[in-house]
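Engineer: Listed here are the chains, written in short residue letters.
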Amino acid sequence: MITKPPHFIIVDDDPINNFITKRLITKNYPNAEVVTFTQPEAGLQYVMSIFEKPDNGKAILLLDINMPIMTGWQFMEHLELVGSGVNNRLLIYILSSSVDPADKKRAKVNPQINDYIVKPLTAEALGSFAY
Amino acid sequence: MKTTLNILIAEHDKHDLAMIDNELKKGGIDFVSEIVQNEAGYRKALKNFIPDIILCDYRFPSFDGPTAFKIREQLAPETPFIIVSGTIGEENSIELIKNGVTDFVLKDKMFALNIKVKRALYEAKEKKEKSRTEIELKQTATHLTEAQKLAKLGSWDYDLADNKLTWSEQLYSVFDTDKQTFTETHGSFLQLIDEADREYAQKTSKHTQDTGDAFIIEYGITTHKGEKRVIQEHGYGVKDATGKVIRLFGTAQDITERKKAENAVKESEARYRAFFENSMDGILLTVTDGNILAANPAACKIFNMTEQEICDAGRFGLVDLTDPRVENLIKERQLTGKAQGELTFLRKDGTTFAGEISSVLFTDSFGQERTSMIIRDISERKEAEEKLKDNYTLLRITGEIAKIGGWYVKLEENRVYWSDEVATLHEMPPGYAPLVEDAFEFYVPEWRDKIREVFTNCAQKGISYDEDMEIITSSGKRIWVRTNGEAVRDQNGKIVKVHGTFQDITEKKRLEKAFEVERQQFFDLISEAPSSMGVLSGPDHRFKMANPLYLQLIGKTDIIGKLVKDVLPEIAEQGFIDILDSVYQTGKTYSANEMLIKLDVENNGNPVDRYLNFIYQPHIGTNEKTNGILFFAVDVSEQVLSRKKIEESEAKLKEAQTIAQIGSWELDFESNTLTLSDEGSRLFGLPADQHELLSEDWMNLVHPDDREGILNKIEKSRESLSATSYDHRIVLNNGTIKYIHSESKFRFDSEGNSNGMNGTMQDVTVRKQTEEKLELTQFTFDHASDAIFWMTSDARIVDVNESACHSLGYTRQELLRLSVPDIDPYFNVETWSGFFPELRKKLTIPIETKHLRKDGSLIPVEIRANYIKFGNRELSCAFVRDISERKLTEAALIESEQEVRAIAESMPQIVWVTTAEGKNIYLNQQWVDYTGLSLVESYDDGWLIPFHEDDKPIAWEAWNNAVANQAEYSIECRIKRYDGTYHWWLVRGVPKMNEKGEIFKWYGTCTNIEKIKQAENQIRKSEVFNRSVVNSLSAHLAVVNEKGDIVSINEAWSNFALQNGETSMERTGVGSNYFEVCEKAFIDGEEIAGRVLQGMKNVLNKKIEDFYLEYPCHSPSEQRWFGLRIAKFEGDEPLILLAHTNLTDRILAEGERQKITDDLIHRNRDLEQFTYIVSHNLRAPVANIKGLSDILGDESLSIAETGSVVNDLLSSVTKLDSVILDLNDILQLKIDVNKAKEPVVFEELVKGVKESILSLVLREKVTIKTRFDKVPEMFTLKSYLYSIFYNLISNSIKYKRPDAQLLIEIKSSRKEDAIELVFKDNGKGIDLNKSRAHVFGLYKRFHRDIEGKGMGLFMVKTQVEALGGTISIESEVNKGTTFKIIFRNQKNHDN
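Heads up: the protein sequence lines correspond to chains A and B, in order. The first sequence begins at 1 in our numbering and counts up one residue at a time. The second sequence begins at 10001 in our numbering and counts up one residue at a time.
Warning: the hint list may mix true and false statements.
[Stated by the list, open to error] Okay, the calculated beta carbon distance ranges per label pair:
id	chain 1	residue 1	chain 2	residue 2	range
1	A	15	B	11300	29 to 35 Å
2	A	51	B	11217	24 to 30 Å
3	B	11157	A	30	42 to 48 Å
4	A	30	B	11200	15 to 21 Å
5	A	15	B	11366	33 to 39 Å
6	A	83	B	11366	50 to 56 Å
[What the hints assert, rightly or not] A few chain A residues that don't get close to chain B, going by computed Cβ distances all over 12 Å:
id	residue
7	17
8	88
9	110
[Unchecked claim] Calculated lysine-lysine pairs in the DSS-like style (CA-CA distance at most 27 Å, straight line):
id	chain 1	residue 1	chain 2	residue 2
10	B	10164	B	10025
11	B	10098	B	10244
12	B	10026	B	10556
13	B	10127	B	10044
14	B	10331	B	10070
15	B	10625	B	10118
16	B	11001	B	10919
17	B	10556	B	10338
18	A	104	B	11186
19	A	105	B	10513
20	B	10841	B	10919
21	A	104	B	10556
22	B	10228	B	10244
23	A	108	B	10070
24	B	11250	B	11330
25	A	22	B	11215
26	B	11247	B	11186
27	B	10508	B	10544
28	B	11186	A	27
29	B	10494	B	10556
30	A	105	B	10125
31	B	10107	B	10014
32	A	22	B	11278
33	B	10544	B	10497
34	B	11128	B	11097
35	B	10713	A	104
36	B	10461	B	10494
Hints listed in this document are in silico derivations from the structure and should not be mistaken for laboratory results. Note that beta-carbon positions come from the ideal geometry of N, C-alpha and C, so glycine has one too.
Make the full structure from the sequences, and use the hints.
Structural biologist: Here it is, written out as structure tokens:
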């Protein structure tokens, strides 16, 4: 049950995807707070700031892999430095159009990543989020 | 030598300090002082200042004398300690002296300080000297003991049977003779003895010859130089079984020196006795309780008593006890140990006389306290003194008459009237006439009562006075005056006036005092000084004073008033008068140490040596001119002589050690050091200047087998506290082995603990070796299998060995009584007398004869008689061998030969016999049958006839070899049959030796081996065939036996070895050991060799069936691989076959295949990756299109929103299109690769690229530097290379730094068959740490701010790889990027 308005963070260099995803979320959760970033660095900064704030439930991070400058994996490396505390505050989902089995495997073995979702995000997938 | 004294003064009173300082300076003592006032300072000064003497106040506020003394006892017990005190109780002082305080000085008798300081220092020095000498003596004692032990060694051996006396080397020097002059008989020995002692010596010797009793005698001898020697001889007799003395053994020792020393002691005793008997002074020896033990004649005369009467009277019976000085003297002696003074003595008849006594406490040689008292009758001197006093009175009166100043007192006026002189003395104006009472005030307070008293007595009673007193002048000066007064009476006898003289006697007083002090000092000096002292006066040195010690020293009495040159005429020629003259004339002190002076002490014209430390000090008179000489002398003869004796004995020891090759050593446990004498270090082979060795090093020198033995001996010696001796070997650094005889004993300290060892050692190598040789010879002699006889020239048998006894059946004793004819019937006395001269001439004569045994049987013998001369004895030494056995054997041999012949005839082989030289002497019938030759033809050299011509030289060579080596003879050769055909025969011969080991005959056989030969040929043929097959194989083959020896190899094996640098197959040829080869290679680090070795062994041991290994074996020029198979060789022997096969071609082919496979996998992976990326990039817009389409279906969408979504949709479609176009481009690339290649000029490519983007180049002000001079072009696909150049150049421009002008550098170069292109710019660069993996990836971008698809570098890489090249990147953010492209396998087209 949702007790608080869900909090979504979308990091993808494709603004169109972000638009589509945000729209899908707000349609399903009208009171959801959705933040989108096309620059992963900015997204990372935002995510990091969450850990500074008092515990206010878990946020959902939707992260793309193929991005210039900083890939989704590089993004994850920064989060791994934070350690186990990440899982207390974040539910991380990879949202990528890559069908490379290597990427899927990599996501699966990373304990911080909840699941790997192939674009586009569907309402069904959204409903399965474990927040 | 240090002359400045360090004096530590513990004193708090400044006034007293000044007094001490003044007194010391006055005494002419050269010193520095440190003054302390408390305990801390005192302790510190003892430690740091190191005083030579301590002066200490008895008691002062911060510290006190007894405490200071206790501290000194702990910290500096040797330092003299004098208490300087104003107040010291009698009891205290006695206590202190008892405890060991050196001396004490009362402050009111400060003048004694100098004397006491000097005396204390002298005593301290003497004490130190004495203890040093004692230590030295003690040390040397050890050496002396050894030296004496050695010096004693002169031994002799007197054989009574032949009156032969044998002397050891040393005896010749003891008796001052030599081997040439001295005939070694008892008679000539007796002649050496002084006539006076000869008879006695002879008698003693005779007695021992009769009884064998040991004896010790001493007798005198006279050397060639007329020097007398005393010899001490020890001897004893040796008896034979019958109890008859047959020889005398003994030692003789030169004990002259010892005798001399003994005599010297006796003499000195006698001298002392003489002194005692003849002294003019009375001498009493007393014990401390007052009993008198002895009195000398002078004492008897003085007291007019016999010695017994004196002894009975006791000390207190000789002294007038009413004399108050007695008590003082006794006290003084108790305090100081000596006393000196004048006393009144009692004669036997009760009359008294004035005597001077000096009494000294001493401890006699038995440790008992004794007092010696020297008493001199000085009544005459006293009388003289009295006379002097009278004279003085006379003088005084004369002085009175002179009346220096005068005064008078009119009693009625009670005023003094002074003469001018008196006024001047008072420093008052002339004419001053004070009241008597005022005049008294001029006197110093302590004198005022006295002057009042004497003046009053004079004025009232008329008693005259004459006083020396002190006054204080008006200016405050204190002066001594002599004042006398006399009453003047009027006619009525009433005293009306007192008058007198007044005289300044300050100077006189001062002189008097100085004189008093001087006199006191002199007195102390002369009498108390333990050295000889005296005073000479005048330029001709007349004795003015001399103390008893001096008189004793020079052995004279009654010298006062005599001239030195008269008293001691002997010293003039020794230059001492000259020294005295010089001291007198120059006024300079002369001192000398340990100077030798010859003094005629005995007054017999034979001066004796005395060593003196002495000082001649000029005595300065009142006129400041020398008027005499003070002399001080200390007799140090004893020290010097004992030191000289030590030196001498040390030298003697050294010499003795060198001569006897005896070294001595001393092991100190504390330092663990072995100190060696010269000879000791020579024995140990140490450098001449090394005399010390750590005990471990010592033990290391000892032969390892002998160490334990030595340590055991030493341990036993330690337990039993006795000396021990041991023989051992030492091994010198150069490996020489020496035999050493050592003796040692433990050394103990004063508490009885062993603190070291003393020992001697002697090189007994020669003796040991001789002993060994002798033992060996003796052993040989005793155990020789030959009988040995020693015979004299007159045929007497003098010695035989065991064998001789055994062979003849006699005992040794029996044989020694026989002569040659008794055992050899063929020798009689005549033949012997002819035989011996011949033997002398020929030295050796062999004889074969027969000997007669005790049981009467005769045995055949072979004799080798030798001539030997020992000294003047001629002997024949005969080695005799019983040859009965041999004779029998010879007979048996002849018999057996006949048997052999019979057998030979029946044998199927040819049998032959030749002489040692090869002359045939026998052939059997088979020879005749085969060759068809007659025996006569075949004898001698005839046997060689049927041999094949080609084989004859071989047969001869083999024959000669066999003869030379005395070895078996065996050849295979062809021998002609009677029918002219040749057949193969095996000819064998064995030499037959005679008993001398020489070849005597050859016996041989010839065996027909024709059949065998044929079979062999067959085999050989098949072997040749096999061999060629094996050699034709390319595999390298070797057969190795179980020991690892290579027994066979094929050509491929040896060719390979030769190719690999082996020149003569020394490592891997037949006969070399392959195990060793592998082992060595393994040790050198070739792991494979180890595996091969193990493989060979495993196969040999049947652990494994076979072994296979592939391994690289690269030569410098090429890469090679080999396969080694090891398999068990089929056959009887345990052999293995090693087969090396060259696998290089296969391995290289495999490598090639692997490379192609890797390449394919790599490409496949790239393609897969490409697929995923393409699919991702296709799917991304498709997903968007899908999502957007869904949104468009949402009815709630506003028009504006719809427009926006549609725009996004369009954009996504465009992107999808673009991806498909890219894909086309990429796919096109892969197709184009197959297009025709052409030479492409790099410069033209750059030009083309520049032109196509000219506006951009111009706008951005790009500079492109090219350097293609090394490689201007390459043969390739132009369109690709253009694309590569275009992409890299446009990338550089696209990612230039805005703040810097872009510079692109492109150059080409060649490395072997590769062409390298380098593109370098100074643009933004890429952070490779983050992105290296993705740089060349499709759709990878690294700069967000600049437009790009992420295609450029992907395309470049794809194209480079399509052209068969590789690309790499180096980049640094904000510095620039460098791409390096390498195309391999590019032939140089210029060539």
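Engineer: Each of the hints needs a verdict: does it hold here or not?
Structural biologist: A quick look at each hint next to the structure:
Taking the beta carbon of each, residue 15 of chain A and residue 11300 of chain B are about 33 Å apart, inside 29 to 35 Å as hinted. One distance hint, 24 to 30 Å for the beta-carbon pair residue 51 of chain A and residue 11217 of chain B, is violated here, with the actual separation near 43 Å. With their beta carbons about 59 Å apart, residue 11157 of chain B and residue 30 of chain A fall outside the hinted range of 42 to 48 Å. Separation of residue 30 of chain A from residue 11200 of chain B is about 20 Å and conforms to the stated range, judged on CB atoms against 15 to 21 Å.
The hinted window of 33 to 39 Å between residue 15 of chain A and residue 11366 of chain B holds, with their beta carbons roughly 38 Å apart. Hint check: residue 83 of chain A to residue 11366 of chain B, Cβ distance near 40 Å, so the stated range 50 to 56 Å is violated. The beta carbon of residue 17 of chain A is not kept farther than 12 Å from every beta carbon of chain B, the shortest such distance being approximately 6 Å. Distance check on residue 88 of chain A: its Cβ is at least 28 Å (rounded) from any Cβ of chain B, clearing the 12 Å threshold; non-interface status holds.
With a least CB separation of 18 Å from chain B, residue 110 of chain A remains clear of the 12 Å interface cut-off, as annotated. Taking the CA atoms of residue 10164 of chain B and residue 10025 of chain B, the gap is near 80 Å; set against the 27 Å cutoff, the hint is violated. Under the criterion of a C-alpha separation no larger than 27 Å, the hint pairing residue 10098 of chain B with residue 10244 of chain B is inconsistent with the structure, at around 70 Å. Between the alpha carbons of residue 10026 of chain B and residue 10556 of chain B the distance comes to roughly 35 Å, so the proposed pair goes past 27 Å and is violated.
Of the supplied pair hints, the one linking residue 10127 of chain B and residue 10044 of chain B holds, its CA atoms being roughly 25 Å apart against a limit of 27 Å. Taking the CA atoms of residue 10331 of chain B and residue 10070 of chain B, the gap is near 24 Å; set against the 27 Å cutoff, the hint holds. Using a Cα cut-off of 27 Å, the hinted pair residue 10625 of chain B and residue 10118 of chain B holds, with the two alpha carbons roughly 25 Å apart. A threshold of 27 Å between alpha carbons decides the hint, and for residue 11001 of chain B with residue 10919 of chain B the separation of about 10 Å falls inside it, so the pair holds.
Only pairs whose Cα atoms come within 27 Å are accepted, and residue 10556 of chain B paired with residue 10338 of chain B is accepted, the gap being roughly 25 Å. The hinted pair formed by residue 104 of chain A and residue 11186 of chain B meets the criterion: a straight-line CA distance of about 22 Å does not exceed 27 Å. Proximity of residue 105 of chain A to residue 10513 of chain B is assessed by CA-CA distance (about 129 Å); at most 27 Å being required, the pair is judged violated. Between residue 10841 of chain B and residue 10919 of chain B, the direct Cα distance comes to roughly 40 Å. Violation of the 27 Å bound is thereby established for this hinted pair.
For a cut-off of 27 Å, the pair hint linking residue 104 of chain A to residue 10556 of chain B is broken: about 136 Å separates their Cα positions. Simply put, residue 10228 of chain B and residue 10244 of chain B have alpha-carbon atoms about 36 Å apart, too far for the 27 Å limit, and the pair is violated. Using a Cα cut-off of 27 Å, the hinted pair residue 108 of chain A and residue 10070 of chain B is violated, with the two alpha carbons roughly 97 Å apart. Straight-line distance between C-alpha atoms of residue 11250 of chain B and residue 11330 of chain B comes to about 32 Å, which puts the hinted pair past the 27 Å bound.
Between residue 22 of chain A and residue 11215 of chain B, the direct Cα distance comes to roughly 21 Å. Compliance with the 27 Å bound is thereby established for this hinted pair. Among the hinted pairs, residue 11247 of chain B with residue 11186 of chain B is inconsistent with the structure: their alpha-carbon atoms are about 47 Å apart, more than 27 Å. Straight-line distance between C-alpha atoms of residue 10508 of chain B and residue 10544 of chain B comes to about 25 Å, which keeps the hinted pair within the 27 Å bound. Distance restraint check for residue 11186 of chain B and residue 27 of chain A: the Cα-Cα separation of roughly 17 Å lies within the 27 Å cut-off, and the hinted pair is therefore satisfied.
Of the supplied pair hints, the one linking residue 10494 of chain B and residue 10556 of chain B is violated, its CA atoms being roughly 66 Å apart against a limit of 27 Å. Under the criterion of a C-alpha separation no larger than 27 Å, the hint pairing residue 105 of chain A with residue 10125 of chain B is inconsistent with the structure, at around 106 Å. Using a Cα cut-off of 27 Å, the hinted pair residue 10107 of chain B and residue 10014 of chain B holds, with the two alpha carbons roughly 13 Å apart. With a C-alpha separation of about 49 Å, the suggested pair residue 22 of chain A and residue 11278 of chain B falls outside the 27 Å cut-off, and the hint is violated.
Using a Cα cut-off of 27 Å, the hinted pair residue 10544 of chain B and residue 10497 of chain B is violated, with the two alpha carbons roughly 50 Å apart. In summary, the hint linking residue 11128 of chain B to residue 11097 of chain B is supported, as the alpha carbons are separated by about 11 Å, within the 27 Å threshold. Taking the CA atoms of residue 10713 of chain B and residue 104 of chain A, the gap is about 92 Å. The hint is violated against a cut of 27 Å. Distance restraint check for residue 10461 of chain B and residue 10494 of chain B: the Cα-Cα separation of roughly 10 Å lies within the 27 Å cut-off, and the hinted pair is therefore satisfied.
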